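A.B. asks: Each chain, letter by letter, is given below.
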Amino acid sequence: MTGEAIAFYVLAAITLASGIVVVTSPNLVHSAVALIPALLGVTGVYILLNAEFLAGIQVLIYAGGITVLILFVIMLTEGGTGLRVRQRNEQGPIAAAVAAAVAALFVALAGGRRGRGRFRRTRRARSGRVFSARTCCCSRGRRSCCS
Amino acid sequence: MLLDWGYVAIFVIVGAGMVSLPFAIIWLISPRSSYPHKRETYESGVEPIGQAWSQFNVRYYLFSLIFVVFDVEIIYLYPWAVVARSLGPSAFSSIVIFLAVLALGLAYAWRKGALEWA
Amino acid sequence: MGVTPWYLEALRAVVGTIIIFSGVAVVAAMLGVLLERKISGWIQSRIGPTHVGPRGLLQTVADTIKLLQKEYIVPQNADAVIFASAVVIVPLAALLDYVVVPVGTTRWGPLIFRDLNIGVLYFAATSSLIVVGILMAGWGSNNKYALLGGLRSAAQMVSYEIPIGLVLITISLLAGSLSTVTIVNMQTHLWFIVSQPVSFLIFLTAATAEVNRAPFDLVEAESELVAGYFSEYTGMRFALFQLGEYGEMFAMAALAVTLFLGGWHGPGLPSVVWFLIKLYALIFVFMWVRWTYPRFRIDQLLGFSWKVLIPVALLNLVVTAYFVTVVHR
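Residue numbers (the numbering used here), protein chains in the order written: chain F, 1 to 147; chain D, 1001 to 1118; chain P, 2001 to 2329.
Simulated from the structure, these hints should not be mistaken for laboratory data.
Keep in mind that this is a model prediction, so the values were computed, not measured.
Hints are supplied without guarantee of correctness; some may be wrong.
[Claimed, not checked] Pair ranges (Cβ atoms, derived):
| no. | chain 1 | residue 1 | chain 2 | residue 2 | range |
| --- | --- | --- | --- | --- | --- |
| 1 | P | Y2293 | F | A103 | 54 to 64 Å |
| 2 | F | I14 | P | V2014 | 14 to 24 Å |
| 3 | D | P1079 | P | F2323 | 39 to 49 Å |
| 4 | P | V2273 | F | A103 | 53 to 63 Å |
| 5 | D | P1089 | F | R88 | 39 to 49 Å |
| 6 | P | F2323 | F | P26 | 30 to 40 Å |
| 7 | D | V1096 | P | E2071 | 38 to 48 Å |
| 8 | D | I1025 | P | I2019 | 19 to 29 Å |
The beta carbon of each residue, even a glycine, is placed where N, CA and C say it ideally should be.
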């Protein structure tokens, strides 16, 4: 298990756990504050994809701007008192079925571990990681092709 | 380059630990004698009147909204700033038009009173 | 050239982090607070604290030890999770700024924690994280004054982030890169303060407002809002917020040294010494301004940012872009 894989799983766990708190918490302010680790987890994934500019602006705009906006809105309305909001409704089972279908679609496209799906892994390098030639020289530390 | 961000990740983790270190020290050596009167909300020495939340003005929201607009404008300027020197006068005129449109937006907000606190 | 094994890199990162945290805690928080009291005393024709240690130098150490043993009081009906996590977010975000600050140069390269490719953008991003921490602190206290202080502080800080962003873009335009080390290296012949005096003034003003210092400190004025968003925090938590504030002030000053005053460049003395001299010169200016000017009202504060600083910064950016792209091609 390479370091990148461990980092990805940790970030994915943080994002998913925070996301679950965002959509299920009956306290609106908790819901909004849990957005922050979710967005920072996505920032980490961007960094793993070598998109550091995108990661920087994700923190600047989303965590720094949108979250502030959402918190202002919540505090200006009744949500700021910590009143309990109903987070479930009668369409739960249908929504779960749709979500499962979409997830199955993603898994089929990615093809699981053996790479038999549509977007198979194209190249394997010595360390077994998947990357193209461009990121190859970046991860080997040659800064010249990364700037 | 991922190594750089690995350093930053370690900085965050170790940093969070070091910032929480005083809490450990406090838990060990600070006194604990909590009683209800001590935990009352502070309001200049009198009993707190009403709830903590009250009707706040919408101007806070307006300011953060305009901030988001200008923040997005700034992130468009960052990549341009890095490569502007090699792009020449055509890029300059494009950016001037972009900034003029946004300055127009600022002027509109100014005229409409969105930037007033009163 | 072989690749360093990962555990050695990790060890290097951990040691660097501990050095930066301890350094900032001592230099920014302890020395900074002491400097504040001594300089304010000098400006007000009195001596600051002299009792603890030689000439009062150990005053902040005594203060810290006192604060460490205060009781942890959570106000009733306060949201415990948000109340506690705000204390960690604010100083952590302030200290994250120091990753891209170069303090000197050695023969093995610049003395910086990590020279990120997006250096200046990273600094702006971590500065914007502090706002969220302040909102959480204000709301989590279940206190009208704290909430009001937190909301006002957040409005003020986001308003002044735009001029700072525009100034950062102008300097990146001149240097052609977002990396702080590159920006310092571009100033070997001419410091950017000479070619960009307006940017320097905008940055200093906006930085003063960004860290909630006078004359922009309405949100923490004792006569107005008790202590603003950290009214309900006792003991060490209060000290951690102060660490966040002073750390952010020192980080802004360090960035100003990097962007405008040529970083570590200087004849004769070692580079780190030059950096510290310039840093403390700017800190002295910050403190001088604090104890000289009266406080602005909140509407004057916000109007100044949106109606004065942003148009001036935009104009400055356009003029600089003209010179960089058209004239000096």
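A.B. asks: Is the gap between the beta carbons of P/Y2293 and F/A103 within 54 to 64 Å?
C.D. replies: Since P/Y2293 and F/A103 have Cβ atoms about 59 Å apart, the given range 54 to 64 Å holds.
A.B. asks: Could one say that the CB atoms of P/F2323 and F/P26 fall in the range 30 to 40 Å?
C.D. replies: violated (57 Å)
A.B. asks: Take a look at whether the Cβ-Cβ distance between D/V1096 and P/E2071 falls inside 38 to 48 Å.
C.D. replies: violated (59 Å)
A.B. asks: Is 53 to 63 Å a correct range for the gap between the Cβ atoms of P/V2273 and F/A103?
C.D. replies: holds (59 Å)
A.B. asks: Is the hinted range of 39 to 49 Å satisfied by the C-beta distance from D/P1079 to P/F2323?
C.D. replies: Because 20 Å falls outside the window, the suggested range is violated.
A.B. asks: Assuming the hint says 19 to 29 Å, is it satisfied by the Cβ distance from D/I1025 to P/I2019 or not?
C.D. replies: holds (20 Å)
A.B. asks: With 39 to 49 Å as the target window, see if D/P1089 and F/R88 comply at their CB atoms.
C.D. replies: violated (59 Å)
A.B. asks: Taking 14 to 24 Å as the hint, is the beta-carbon distance of F/I14 and P/V2014 inside that range?
C.D. replies: holds (21 Å)
Comparing the model with each earlier hint shows violations of hints 3, 5, 6 and 7; every other hint is respected.
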